[in-house]
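Positions 1239 to 1413 (my numbering) are the ones given, in order, by the sequence shown.
No lab work stands behind these hints, which were simulated from the structure alone. For every residue, glycine included, the Cβ atom is placed at its ideal position computed from N, Cα and C. Worth double-checking, as some hints may not be accurate.
Have a look at the derived ranges for each label pair, beta carbon to beta carbon [to be verified]:
id, residue 1, residue 2, range
1, G1364, P1328, 49 to 55 Å
2, K1272, R1337, 27 to 33 Å
3, T1331, E1410, 21 to 27 Å
4, V1281, L1305, 25 to 31 Å
5, G1364, L1305, 41 to 47 Å
6, A1252, W1373, 39 to 45 Å
7, D1336, T1315, 40 to 46 Å
8, A1265, Q1338, 31 to 37 Å
9, T1317, L1371, 38 to 44 Å
10, R1337, M1239, 38 to 44 Å
11, E1312, I1380, 25 to 31 Å
12, L1276, L1363, 49 to 55 Å
Capping the alpha-carbon separation at 20 Å, the derived lysine to aspartate or glutamate pairs in EDC-like fashion look like this [what the hints assert, rightly or not]:
id, residue 1, residue 2
13, K1255, E1304
14, K1405, D1372
15, K1258, E1312
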Amino acid sequence: MKRKYMSSWGLAFAEEKEMKKLGEMAARGWHLEKFAPLGYTLVEGEPMDVRYSLDYRKQPDEDYFELFAASGWEHVTSTGDEIHVFKGSPDATPLYTDRQTTEEKYGQVERTMGRGALICLLLSLGFVFMLQLDWPQTAEAIILVLQTLVAIGLVFTGLPYLGYLVKRKRLERND
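Could you put the whole structure together from the sequences, leaning on the hints where they help?
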C-alpha cells in the first residue's frame, strides 16, 4: 500500500479547508489513514466521493461513536483521544447543524489551549526573570534550553488558542 503525507495549516486556522482538501484527495484515491506530525498520513485506495468532518471530545465512549454512525458518519481516526475525524457521504447531515453547538465545540478546545498557553506564558516569564539573576554558566544554559522549550510550547498552544477564539467570535457575531 502506498502512503502519502499531507501537511496541515493547523486545525484552528484552516479546519474547513483541510477537511475539503481531504475530500478532494479521497476523490483521487488517497484516503485519510491517521494524523501525522503537523499533518496527515493518506493511504492509496479506490477513489471515493466522501466528505470529512471533525469533532473535539475528550475520552469519548462507544455511544459517542454510535451516534455519529447512526447519522451516516464513519470514524476514521483520532489523535490525543480528543480530536476525532469522521467521513460520510456528501449528503450526510453535518456533524453540527446550529451555531450554538458549533460555538460550544470551539469554546471547549479554546479553553483547553488557553490554559496551556497561560501556563507556558507564566513559565516563560519565570525563566526570563531567572535569566536576569546571576547563575553559574551551566545553570544558565539549562534555563535557556528550558526557556526555548517553553517558548515552543507557547507557540503550539497560543496560536491555536487565538485561532479558536477568533473562530468562535465570528460565529457569535453572525448570530
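Does the Cβ pair R1337, M1239 satisfy 38 to 44 Å?
Taking Cβ atoms as reference, R1337 and M1239 lie about 40 Å apart, which means the hint holds.
Do the Cβ positions of K1272 and R1337 conform to the proposed distance bound of 27 to 33 Å?
31 Å, holds
Distance restraint evaluation - V1281, L1305, Cβ atoms, bounds 25 to 31 Å:
26 Å, holds
Looking only at beta-carbon atoms, does the pair E1312, I1380 fall within the given range of 25 to 31 Å?
48 Å, violated
Return holds or violated for the Cβ distance of G1364 and P1328 against the range 49 to 55 Å.
For P1328 against G1364, whose Cβ atoms are near 51 Å apart, the range 49 to 55 Å holds.
Taking the CB of D1336 and the CB of T1315, does the distance hold inside 40 to 46 Å?
26 Å, violated
Between L1276 and L1363, is the Cβ distance one that fits in 49 to 55 Å?
Violated, at about 27 Å.
Check the hint pairing K1255 with E1304 against an upper bound of 20 Å on the C-alpha distance.
With a Cα-Cα distance of about 26 Å, the restraint between K1255 and E1304 is violated, given a limit of 20 Å.
Please check whether G1364 and L1305 have a Cβ separation lying inside 41 to 47 Å.
Given range 41 to 47 Å: holds, Cβ gap about 44 Å.
Between K1405 and D1372, is the straight-line Cα distance small enough, at 20 Å or below?
Violated, because 44 Å separates the two Cα atoms, which is more than 20 Å.
At the C-beta level, are A1265 and Q1338 separated by a distance inside 31 to 37 Å?
Roughly 32 Å apart at Cβ, these two residues keep to the hinted range, so it holds.
Are K1258 and E1312 close enough, with their CA atoms no more than 20 Å apart?
Answer holds: K1258 to E1312 is near 16 Å, not above 20 Å.
Hint compliance for this structure: hints 7, 11, 12, 13 and 14 are not met, and every other hint is.
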